[in-house]
Structures are given as C-alpha cells and as structure tokens.
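Engineer: Just need the whole structure built from these sequences, with the hints factored in.
Heads up: the sequence lines are chains D and P, in that order.
Just so it is clear: in the first sequence, position 492 is 1279 by my numbering, and no numbers are missing.
Just so it is clear: in the second sequence, position 453 is 1240 by my numbering, and no numbers are missing.
Rather than coming from a laboratory, the hints here were simulated on the basis of the structure.
Keep in mind the model is a prediction, meaning the values are calculated, not measured.
Treat the hints loosely; a few may be bogus.
Said to hold, decoys possible - Derived Cβ-Cβ restraints for the label pairs, each shown as a range: (1) P:Thr1151 to D:Pro970: 40 to 50 Å; (2) D:Ala1154 to P:Ser1158: 25 to 35 Å; (3) D:Lys1083 to P:Ala1211: 48 to 58 Å; (4) D:Ala1154 to P:Pro970: 38 to 48 Å; (5) D:Val1029 to P:Ala826: 41 to 51 Å.
By construction, the Cβ of each residue, glycine as well, lies at the ideal position given by its N, Cα and C atoms.
2 protein chains.
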Amino acid sequence: MSKAPSLSRRPPRRFWGWGNADAALSEREHATLKGMLAALESRYASRPEPRLDEFTLPAPRVTPSANLAALFSATPLDRLNHSAGKSYADCARMWLRQAPTPPDWVAFPEDEQGVIDILDWAQSNNVAVIPYGGGSSVCGGVEAAVGDSYAAVVSLDLERLNRVLEVDPVSRAACIQAGALGPELEAQLKPHQLTLRHFPQSFEFSSLGGWIVTRAGGHYATQQTHIDDFVEATRLVTPSGVMHTRRLPGSGAGPAPDRLVLGSEGTLGVLTEAWVRLQAPPRFRASASVHFAQYKAAANCVRAIAQSGLNPSNCRLLDTQEAVFAGVGDGRKAILVLGFESADHGLQAWMARALELVSDHGGTYDAEAVSRSMSDQDTIEHRSGAAGAWREAFLRMPYWRDPAVGLGVIMDTFETAITWERFADFYAGVKTDLSRAIKKATGQDTQLSCRLTHVYPDGPAPYLTFATRAADGSVASALSAWREIKQAANEAVIAHGGTITHHHAVGRDHRSGYEREVDPLFRTMVAAAKHAVDPKGILNPGVLIDPVNRPVGITGALAK
Amino acid sequence: MSKAPSLSRRPPRRFWGWGNADAALSEREHATLKGMLAALESRYASRPEPRLDEFTLPAPRVTPSANLAALFSATPLDRLNHSAGKSYADCARMWLRQAPTPPDWVAFPEDEQGVIDILDWAQSNNVAVIPYGGGSSVCGGVEAAVGDSYAAVVSLDLERLNRVLEVDPVSRAACIQAGALGPELEAQLKPHQLTLRHFPQSFEFSSLGGWIVTRAGGHYATQQTHIDDFVEATRLVTPSGVMHTRRLPGSGAGPAPDRLVLGSEGTLGVLTEAWVRLQAPPRFRASASVHFAQYKAAANCVRAIAQSGLNPSNCRLLDTQEAVFAGVGDGRKAILVLGFESADHGLQAWMARALELVSDHGGTYDAEAVSRSMSDQDTIEHRSGAAGAWREAFLRMPYWRDPAVGLGVIMDTFETAITWERFADFYAGVKTDLSRAIKKATGQDTQLSCRLTHVYPDGPAPYLTFATRAADGSVASALSAWREIKQAANEAVIAHGGTITHHHAVGRDHRSGYEREVDPLFRTMVAAAKHAVDPKGILNPGVLIDPVNRPVGITGALAK
Chain D
788 MSKAPSLSRR PPRRFWGWGN ADAALSEREH ATLKGMLAAL ESRYASRPEP RLDEFTLPAP
848 RVTPSANLAA LFSATPLDRL NHSAGKSYAD CARMWLRQAP TPPDWVAFPE DEQGVIDILD
908 WAQSNNVAVI PYGGGSSVCG GVEAAVGDSY AAVVSLDLER LNRVLEVDPV SRAACIQAGA
968 LGPELEAQLK PHQLTLRHFP QSFEFSSLGG WIVTRAGGHY ATQQTHIDDF VEATRLVTPS
1028 GVMHTRRLPG SGAGPAPDRL VLGSEGTLGV LTEAWVRLQA PPRFRASASV HFAQYKAAAN
1088 CVRAIAQSGL NPSNCRLLDT QEAVFAGVGD GRKAILVLGF ESADHGLQAW MARALELVSD
1148 HGGTYDAEAV SRSMSDQDTI EHRSGAAGAW REAFLRMPYW RDPAVGLGVI MDTFETAITW
1208 ERFADFYAGV KTDLSRAIKK ATGQDTQLSC RLTHVYPDGP APYLTFATRA ADGSVASALS
1268 AWREIKQAAN EAVIAHGGTI THHHAVGRDH RSGYEREVDP LFRTMVAAAK HAVDPKGILN
1328 PGVLIDPVNR PVGITGALAK
Chain P
788 MSKAPSLSRR PPRRFWGWGN ADAALSEREH ATLKGMLAAL ESRYASRPEP RLDEFTLPAP
848 RVTPSANLAA LFSATPLDRL NHSAGKSYAD CARMWLRQAP TPPDWVAFPE DEQGVIDILD
908 WAQSNNVAVI PYGGGSSVCG GVEAAVGDSY AAVVSLDLER LNRVLEVDPV SRAACIQAGA
968 LGPELEAQLK PHQLTLRHFP QSFEFSSLGG WIVTRAGGHY ATQQTHIDDF VEATRLVTPS
1028 GVMHTRRLPG SGAGPAPDRL VLGSEGTLGV LTEAWVRLQA PPRFRASASV HFAQYKAAAN
1088 CVRAIAQSGL NPSNCRLLDT QEAVFAGVGD GRKAILVLGF ESADHGLQAW MARALELVSD
1148 HGGTYDAEAV SRSMSDQDTI EHRSGAAGAW REAFLRMPYW RDPAVGLGVI MDTFETAITW
1208 ERFADFYAGV KTDLSRAIKK ATGQDTQLSC RLTHVYPDGP APYLTFATRA ADGSVASALS
1268 AWREIKQAAN EAVIAHGGTI THHHAVGRDH RSGYEREVDP LFRTMVAAAK HAVDPKGILN
1328 PGVLIDPVNR PVGITGALAK
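Structural biologist: Structure follows, in structure tokens:
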C-alpha cells in the first residue's frame, strides 16, 4: 500500500471512530464506560484498536486527469476515513476490520473551480461523487456504497473551503464556505462579536455545508430548531452549472429555492458556500431544572410552554431513564431542563411565566438556583452549572462510545417528531416495539430512554437512546443484531406516525422509512429535479432517492 | 348569451372589481376618494359601471363530458368573474369593457374526486386548468391567459371545498379544505376557541389554498410572517395522482415536501386540503404609536427591535408620505405602529424593552396611551383604538379603489424584501427610479409612500404605494401608462437587490423579475418536477414557469 501522506490539512482523524487520531478518554469517561458495561453485565476487557495495516484496500479503478491529480489522494488513511460515516454500524465494521466500499479516491478541491472541474471529470468518466463535509453522518450519508454501475467513486472533501468570506454586521449575516467545521466558523465569527450558534452534537466534526444539506438540528429548542431557518442564500455546484440564490430576508417568489437545497443530502449538487443569519452572543440567561413525578404531567407542561409563545432556547425533557443515563436522575423523576437566553434583555418575565406553567403542571424546582441562574455576564459562553456540564458530556459522548462498540456493546439513538395528540401512544408504542425487537435480536431486556430535544406548538421531537449487547459479546453478533434493531426502529417510528428523522437525515440507512413516509409523487419530483441538473446521476447515488433510470437501492451498513 | 344562473353558491361577486356585487362605499369612503382625486387634480365625475351585457364572450370551445356537466358553468357572470384577478390592470380592463381571455368554462367540483375527474378530462382533451380560490390575485395568477396551444381553458373554482374537516385541539391544528375563504374558516374555528390568525388584505375574498400556493403574508410582523410557517401537511391533486404529506410538527427527512407545494401557484397540482397550525385567540395586548423625526433613525430602531428577539406581532413603519396616506401623519414624521399580543401572558416586559429601544433611537410616544393599550380582555378581536381603525381601513381599501380606477386613476402597490445593509440605498433608489418612470409614463410628479409590513433580523419587507393619473384622464391611457410603470417597478426592485415579491406571488405579471431573481437552474428543476406530475403541462400554464416543451411566455395584463 502507498505510504504517501494524507492530503488532508487537518489533524489526522481516527478512521475507526470519533475525533482526532490522538483522542483519549479522561479518567471520568473511563469510569462512565465501565459503569455502563457493568450495567450490561459485560466485561471491560481492552481489545486492540483497528490499525491501518489491518485493512487491504483494492487499487483505485480510475486515474484522475493530470490537471486534477494534485487534489486527489488514495492513501489508506484518506480512503478509510472517507469510506463511511460515524454511525454505530460504521464503527462496528471498523472494529471487524471491514471497509467494504472505500472510495477509489478522495479529492480535496482548493476552491469552487476545483469542485466544478472534479464534477466535470467525474461526469465524463461515469464516476460517482460523494460530497463530504465533516463525515459525521449517522445514516450512511457519506458512505461510498453506490452499487456496481459506476466506474469508480470519489469522496469530495470540502475541508479546504473553510473560510468566512464576508460578514455583514448590519444585517447580521455572513457568507461562509461550506466546508468550515463548527469550531472553525465560530472562531472566524468571534472577532465580529457574532455567532451562528448552531451546536449539534457533532459540532466539532461537522460542517456548515453538511448541516444545510442534512437539515441539521441546532441550538434552539423552539422556533429556529433547524439550520434551515438561518439560511439566507446558497451556492450549489451541480454537474450542469452553478446555482445560486439571492440574499433575501424573506420572499414569496415561487417555491423557495433554498428549501430544495436544504435536505438534498448531496444528491443535487455540492454546496460550496452559504449566507447564514447570525446572532449577537447571548448576555442574559436564565435556567431551571424542574422535577416531575409524572411523565405525562411533564409532557403536558412542555406542551403548554411550547404553545405559550415564550420560546425558550432550551426545553429538554428527560424521562426517568434518560435522567439516569445523564447522571442527573434517581430513576423516579422526569427532569425538564429549561433555559432562556438573550443578547438584548433580561429574562425574569419569561422565566417567571414559564415557572407558573411548571407549577400548574405539578413540577418542582429550586427557586434559589433559578434566581442564581439569571446571569447577565458578557461572555460568549456561560459554561458553568448543570447546563454547561450537560453540554460538555453531550459533546464528549461519541468519544466513549468508540471503545464500547469494540467491546460488543450496541449503542444507538434514533429521533423523530410527532404531533402532541399522538405523543403518549407513540412514546409507549415505540418503546414497546423496540424493546421487543432488541430482545428478539439480542436476548437482552433493555430500557430505552427518551429526551425531547426540540418542541413545537404542535408536537415534540423525541430522541431515543438504548445500549445493549449481543448474547455472545462479539462485535460481529452485535452488528448483526443492530441490523434487525435498526430496521425495527425505522418501522416503529413510521408505523406510529412519526417522521423517519427530525434532524439526522435520511442517507442510506433511513431509506426504508423515508419511502413509507414521503409520497412517491414527491420523490418522483425530486428525482426529476435531480435529473435536470445531474443527468448522469453521479451525485451521491443511493442516498435519499435513486437517480432516474439508475437503480441503486439500499446499500451500506443495512444492506449486508 | 346564456341567461343561466351562476353555479356559484356564494353571493354574486362584482366581476369588474372588489367584493360582492352589491358592495357600496360609505359616505366617509366617498370623501376619501374625492380627496384623493382632488390631490391628483382630477375630477370626480361618475362614470357608468361595467355591465354584463357590455361584454360579448366567444362560445366555449369544448364540451365537458356528460358525467361532469353539472359541475360546469359557462354563464357570462361566472366566466367574467374568472377571467382575471383583481390587480389594477385587471380592473382597468373591465372599465374598458375588455375581457380578452375568459375561460371557456368554470368548474365547481363538489369534492376531491370532482377535482380528480376534471383534471383527468382536461388532460385527455388538452384543456388548460386554472386553479381558482378567492380570485384575489394581483399578479395575473388566475387569469385564463394560456396562449394558443390549448384546446380550451377551465377555471377550477374550489368554493365548494370550504369546510373545516377536523380540529385537533391538543396539537392546535386543523384540517381545512383549500377553498375556504378567510371568514369561512375563522367562523368554523371559532367554536373551538382557535384561530389561524392569517389576515392578508384580501382576507374576505382569498382562500386557504390560495394563501398556501402563493405563500401569502399574514398577521405577524416577525417570526411567522408567511402562511408557510403554519402549514403542517398538504394534499395536492396532480394530473398523475394525489400527493399528500404527513402531519408532522417538524422533520429533516429530505427536502421539505410542503415547501415545494408552497409557492407552486397552481402549476404542480390543485391543493384540496391542508393541516394548518392554529393559535389560541390573544387575550393580552400592548400597542404603541411611535413618532420619529428622522426616517433613518426609525429604520434603525425597527432593525434593533427585529434583532432583539422580542418578536412583536406588529412592527409597521410608515414613512412620512405613507402616514399621510393612512390619515395618521402630518407629513413630517415617520410613524411606527408597534404591537405585542399573547394568549398566554401579559406583555409589560416585552413592551417596556421595545420602548427602551425606541427611546434609544429618538422615537417618542404617549406613555399614557401605551399604558391604556395593555389589555387582557378575553375577546378574539380588540377592534377599538387606532389599530382597529387602521385595520378596518386596510380591508376596505380595495373597495374604493374600484371607482377610482374607472375615473382614470392609476393606483398600485408593489412589495419586496431586502437586507438591512442595503435598505437605505434600496429605498432611495427604488423611489427615484419609480418616480422617474411614472413621470415618463404619465407626465405627473408622484410621491411613492412606503411602509414596512414585516421585518426580519436580516432585513425588512417594504411595501410601496402610489396613485397617479394619465395626462388625459382616460382609463385607456392609464392602463397603457401602468404597463410601463409595472415593468419599471419589476426592474427597479430586482436591480436594487430585492425580491420580485415578498407575499404577492409571481403569477404572470412578475415573471420578468422572477426570471432575473431566480437562477435558471432552479427554474429548470421546478419545470422538471412539474413535468413529472403534469406531463401534458395543463396546470396554470404561463404562471411562474412554462411547462416543458410548451412555451407560453408572458401573457395577461402586461403582454398587450
């Protein structure tokens, strides 16, 4: 195998898991992991981590044209890093030393012209192109699994398009290149005292472009829940040319062009830059940790808050099991983490009314602690307190999942949204169906936990988590069980009336649910729109929809 | 001509203008009209209103199939009522006794199956279909002007699909048929103590379906400015079948299907029903009328409020000329009408902070009046006071435009949105360009007035109004001048960076601007999506885009 260095300019990534190659767990994280394994009656026995030399990759099937060669890498590290995303199954396959569909090449264009040139070359040579931002997909969205009808596959990594190009402080907006990761773009915005304030769990290793094309879920629990609401204009390189939209605060001129780019998951073009709406960093905060003895009352309280027009920035309801997982519960109470923030005004009136609603529904809280939470410190991040701790643990969670996967643990999450009037039945029904599916696949009795990550006047977005293990403790059995469980989760979410994804995207792994959720006529319209700009069907084939006349079907982690 | 009665079950409409056939002006409205004419140095000399027998309509070119015949009308009243919308030019042509493109038939389906049957028949017989809700389009969106390649044209009136089918009080949503006019749907929601609270100026004569497919602008000045935000699910009859979307509070599963229906303007299918998000009627209100000596300071204040997160329901900035038109100004001050409302909580803190921002920017207000405005009356509408009077005048405006048009007055509005950093130049540039165009077309010096109808953190939605007259006072000259002015307005709005429409839709009259604003690749994608469900191109041809392989081009009022 080639010993050439990676063409990536970022610190080397851990191809078999989350974070940079040198990421390490803290003592406390080790303890958390051990505790979880003990709870699963599983042993913590260190297993050797995957190494590059354990993977044998086939030689690239095509040669890039000479004028583009300097942008193309075929090093094992680059190819493995771009062979899949970061779902449970993606990581499990790495522990099994499986990388069934590595891309032939990874391309690192320097600029938009590079993207155009690469698409031109790919289109002329029947090469599939997988747009790649931070690579954090948990649904097979960046996996180089495109079926047999392409001459080769290139993963197109946008890491060099990572600059904030222009800031408009008056309108509070910025033009940012699509490859910028969360920390990169926030660092560039900070001197302007502005922030995008979009903090998905993948923040460190996901990009603006990825957020937009997957409709990522962000910081705010209400109102502007998705990145969608912050997109002012986009620039998309398609195989038929560059499509751009006009910077506008609002418009009613035909179907909204950006709304077709949002959620297109790399199938219509490669997003190269976008104008996004920014905010001033919050100066005022108020938060409360509310306890409920009854989950039903807690859910009704959240509904009342969601319908009140108070628009909290945080309104995260943890059920009893989730509270235990998060280390803040005793297994008997549901916990509502409620927060307001503003760059403009103190939040006493907002919090006071929300707490009236809390009391109306039987919630209890420490009034002193709420009072102490009312900060007006002029800091971009107020990291102390329970919210700060929760957030830090939230961002670190993918790190300690990695060794757990290697030890045979199956950890996964799925998320959805559902209207309020169906929520109670949905919550009970999905938990029952999934517990049954897990029992069937693994023999284990497993608790699912649920938190509400975002809430709307007409319904919540539940986020479910489970951890279990295969009966024999092997990764191979665990992966096999995961496939059954994942299919059952797709089925349960749709059968009980939810959406296949509120903010994790469709990719390859959610297609079975997507095709039941979304009308075939709409999918036909999207395929026709794609065909108009990508007539050869080279862009991310198999994700979301199949190209016209080019069936790909379900590939990737679920297909084996 | 046939003497058959109209098949419409609603009170007879005034085919040549706004409202029902028996609509009459009040004494005060007569006085307003006379004042306006005097200001234009024009005479108020009553001219005979258009009568049905002054129009000779060609015989219908096709015969509906026998099983559908009972749903089809070819009475002169129905055909004239459906020959165009209610723009200035639509009314002027009626005063000129011109109805150049009446539909051959008007169809009144009883239910969704009727819509399906009519589309089937039309598709088999090369008949164009114009979906028709309330008929209030001001951009040629319902005009039966489809060019020469169709065997006939049917206007498909949804007035019989006007019921609220289901109310979900828990999630606060309702399934409503698309043909329901504003007052119809509000009357049916009222017993449930819920409201859609969508009040465009056309409220009395526009329908839910029309609002959705044109992305109508509604009640709220901030956050949920368009009907878009209230759409939970849709049901669209296309020539290839019925497309429906799932009721969901939010989703990230691919491009949002409803967002392609929103703004489709009848070109993709006929919307038959939609689930929409409702609210409890407001119980708490606070309002202020703020005066500014400097428009620039006023605009900066509105920007600060729009970026504050306070989210007023009303934040309408009238420039000095607009304040005069509205009867609330002395020609020296700009006026900001600021309002908050809530069904949940008192608004003292919200208004207090907004008034701090007002004072920071040099605005003045009557603190006593603000204090008196703080109501918590349990009424669905708080009609007293300046806001109530303004609103009543707002809804009545189209009524007294009618006789003015007949007297040779050109009255029109255009609206857009623009980012804040370009707003000052836009405001000055568009006013200059339009004043010049009006002078050229009419010989008159004319003031344009401007109000901001909706505001976003990144920019306002300016709404401009002008009234002028042709040099010779004739309607024919006025219409001819209007064509020049309208083209100039389309050009100016786009050239200075705005959108061709914030909430009036594209239709036929805004296509010249739409085609400059929206990337050809996106329009190609929309046309391809249309072709996938409407392969013969029978739905509203010429609106928004041309059907694939079936050029229609710009028809209607601007084409002559």
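Engineer: None of the hints should be skipped; say for each whether it holds.
Structural biologist: Here is what the structure says about each hint:
Taking the beta carbon of each, Thr1151 (chain P) and Pro970 (chain D) are about 46 Å apart, inside 40 to 50 Å as hinted. At about 30 Å, the CB distance of Ala1154 (chain D) to Ser1158 (chain P) agrees with the hint of 25 to 35 Å. Taken as a hint, the range 48 to 58 Å holds for the pair Lys1083 (chain D) and Ala1211 (chain P), whose Cβ atoms sit roughly 54 Å apart. In this structure the supplied range 38 to 48 Å holds for Ala1154 (chain D) paired with Pro970 (chain P), their Cβ-Cβ distance being about 47 Å.
For Val1029 (chain D) and Ala826 (chain P), the Cβ-Cβ distance of about 49 Å falls inside the hinted range of 41 to 51 Å, so the restraint holds.
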